[in-house]
Each structure stands twice: as C-alpha cells, then as structure tokens.
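2 protein chains.
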Amino acid sequence: MGVPSPNPPFTQDPSGGFREAMRRLAASVTIITARDEEGRPHGMVASAVIPVSMEPASMLVAVNRSASLHPVLVRTRRFCVNILGCQQEDLLAPFSQSALREHRFRSADWHGATGAEHRVLPWLRTASAVIHCDVDWTADYGTHTLFVGLVQAVQCPEAAHETYPLVWLAGRKASITTAA
Amino acid sequence: MGVPSPNPPFTQDPSGGFREAMRRLAASVTIITARDEEGRPHGMVASAVIPVSMEPASMLVAVNRSASLHPVLVRTRRFCVNILGCQQEDLLAPFSQSALREHRFRSADWHGATGAEHRVLPWLRTASAVIHCDVDWTADYGTHTLFVGLVQAVQCPEAAHETYPLVWLAGRKASITTAA
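Each protein sequence line maps, in turn, to chains A and B.
1 is the number of the first residue of the first sequence in our numbering; add one for each residue after it.
1 is the number of the first residue of the second sequence in our numbering; add one for each residue after it.
It cannot be assumed that every hint is accurate.
[To be verified] Quick look at which bits of chain B chain A covers, simulated, 3 or more residues with Cβ under 8 Å:
hint	segment
1	19 to 32
2	130 to 144
[As the list claims (entries may be wrong)] A short, non-exhaustive set of chain A residues, derived as facing chain B with CB atoms under 7 Å:
hint	residue
3	A99
4	L100
5	A129
6	V154
Don't read these hints as lab results, they were simulated from the structure.
Just so it is clear, CB atoms sit at the ideal spot from N, CA and C, and this is done for glycine as well.
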C-alpha cells in the first residue's frame with residue numbers, strides 16, 4: 001500500500017470508479033419472477049437483492065425501469081426471489097438475453113411457469129431458497145425502482161441445504177465454500 | 001428433491017423460514033462509517049448494501065433504527081462504505097460488540113478516524129473498495145431506514161485488486177475465488 005497518505009487517492013471519475021468498486025462487491029445471484037394478467041411468466045436476473053427487516057419479514061429488490069419485468073411488478077405487485085445454487089449458472093443466459101426469451105422457463109426445474117394470474121408465481125424447485133413476496137412499498141430512484149415485498153411464504157429445499165449459492169464477483173462466477 | 005409437487009412445500013412459519021433463506025444468501029461484508037458533529041467516528045458492520053443506479057452513481061444501505069450509527073446518519077447525512085477484503089475479518093469484532101467500542105478505529109489501517117466534522121469520513125486504506133456518499137434520500141420501513149447515498153468519491157486501492165472480498169454465508173466467513 002506504500003506510505004499512508006493523509007490525502008486519500010480519490011478517483012477523479014466517481015462514476016468509473018464506482019463501476020470498478022461494484023465489481024469488488026460479491027453478491028448472490030437470483031432470478032426474480034412474476035406473472036402478468038394473462039398468466040404469462042416473467043423473470044429477470046438480479047443481484048441487488050437484500051433483506052430489509054425481519055419484523056415484518058421483508059425483502060428489497062432494485063429493478064431498472066427499462067427491464068421488461070418492471071411494468072409487470074408495478075401492475076401485479078407480486079414477485080418471487082429464487083436464490084440460485086452454484087450449479088445453476090446455465091439458467092442465467094435465457095434471462096439475460098432477449099433473443100433467448102422463449103427458453104426462460106423451459107427447464108423442468110421451474111414450477112408454476114404456466115397458469116392463471118392468481119396462481120403461485122414461477123419458482124425454482126432446485127433453488128437454494130425461494131421467497132414469495134407481495135409488494136408493500138415502492139420508490140423510484142434514478143434509473144431504478146425499489147420494490148419492498150412482504151414475505152408471504154418461503155421454501156428452503158432440503159437438498160439445497162448442502163449446496164453453495166451462485167455468487168458473482170468481478171463480472172463472473174465465483175467459487176464459494178465455508179470451512180467445515 | 002423427491003417427486004416434484006404442484007403444491008410447493010410452503011413454510012408454515014414465513015418468519016423462521018425467512019431467516020433460514022437469508023442464511024443461504026451470500027453477501028460481501030462492509031463497514032459503514034460516519035462522523036458526528038463533535039468529530040467522533042462511528043461505524044457499523046453491514047451486508048445489506050447494494051448499488052441502486054449507475055446514473056446517478058448511488059448506493060443503498062439498510063440500517064436498523066436501533067443501531068448507534070442511525071442517528072448520526074440521520075443528522076450528518078454522509079456515510080462511507082468500506083468493502084472488506086478476505087483478510088480483514090479481525091476488524092469485525094470491535095464493530096459488532098459494544099464492549100469493544102473503544103477498539104473500533106484503533107487499527108492503523110483506518111484513515112481519517114479523528115478530525116473535525118467536515119473532514120473526510122473514516123476510511124479503510126486496505127479495503128477492497130471505499131465509496132464515499134452523501135445521503136440523498138431516506139425512507140423508513142419496518143425496523144430499518146433505507147439510506148440512498150449519491151457517490152461523491154471512490155477509492156479502489158491497487159493492492160486490493162488482487163484480494164478477494166470478505167463474504168458471509170450461513171452466519172460465517174466463506175472462502176471465495178474466481179477461476180483464472
């Protein structure tokens with residue numbers, strides 16, 4: 001690090017520096033799902049997902065207003081957070097590329113991908129954990145909308161208990177383990 | 001996983017299930033710092049930290065209203081996010097235990113721990129990245145307040161570029177690596 005300086009080396013370009021700093025923030029990868037009024041499933045890859053409070057149990061998701069999922073969430077006010085396991089990287093491509101949209105819910109691991117509007121939202125039975133939320137509060141900030149959802153139901157598959165989550169770092173998949 | 005069921009095994013206790021689900025969400029560990037009107041440094045360990053938007057560059061931190069840092073953030077409206085590296089676990093204990101409060105900023109790695117109110121906030125020169133923010137927007141939700149900060153300056157120490165971040169999973173430190 002060299003000699004400590006009383007004048008921190010601030011980045012001249014906060015925006016560029018910010019992108020680099022965010023590459024150094026590791027985060028679990030999730031797929032957020034919803035269902036529109038015609039029963040069609042929608043989904044988006046998201047890593048800006050955090051718990052807000054335990055009482056009430058609630059989660060926050062930041063969604064770009066240009067995302068196709070955004071208007072569905074605004075109208076239907078329900079979402080499901082699917083925390084991916086480390087073996088589920090292959091599920092990401094269809095949700096990241098519009099050209100692969102038709103392949104999004106083709107995996108047999110997706111439950112409830114089809115159905116009427118009121119049905120349970122699409123959820124991944126091989127996920128590390130699945131959290132079903134009703135949108136309770138929203139706020140727009142910059143390019144994004146913050147959606148806070150009240151937790152309605154949670155699924156933690158037993159088999160996933162032994163599986164590590166899919167984690168992203170520096171723009172790619174990272175390997176993660178915990179000590180015995 | 002057994003035979004797929006059309007009726008997902010919803011947890012009867014959403015709150016208990018939610019805690020277990022959140023143990024399966026890996027997250028980078030940060031120390032959020034601030035400085036009060038008397039120039040005293042304050043800090044808190046936080047993993048509920050996400051970027052909100054790139055334009056403007058902004059970060060969101062969820063802070064429990066019972067945290068000692070909370071009133072300082074409300075009054076002074078500045079915070080600094082220090083993304084810890086994997087070797088910095090030892091810095092956590094003083095910030096997690098009130099009894100060790102006096103030890104919080106004793107490490108020589110902390111810069112700007114002392115100084116007048118207007119000075120740069122305490123920042124960790126050995127962090128993976130440091131993001132200085134001015135609070136632009138807040139909202140209360142449940143037990144927490146959401147603070148969104150506009151990024152004012154970023155430090156990404158060169159030496160930390162090769163260092164993996166400190167990541168928490170299932171209540172403990174996880175080891176993380178990226179493929180070559």
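Hint-by-hint comparison with the structure:
1. 19 to 32: Coverage by chain A holds here, the residue count being 9 at a Cβ distance below 8 Å.
2. 130 to 144: holds (count 9)
3. A99: Not OK, violated: A:A99 not within 7 Å of chain B, min 24 Å.
4. L100: Violated, about 23 Å.
5. A129: 4 Å, holds
6. V154: OK, holds: A:V154 within 7 Å of chain B, min 3 Å.
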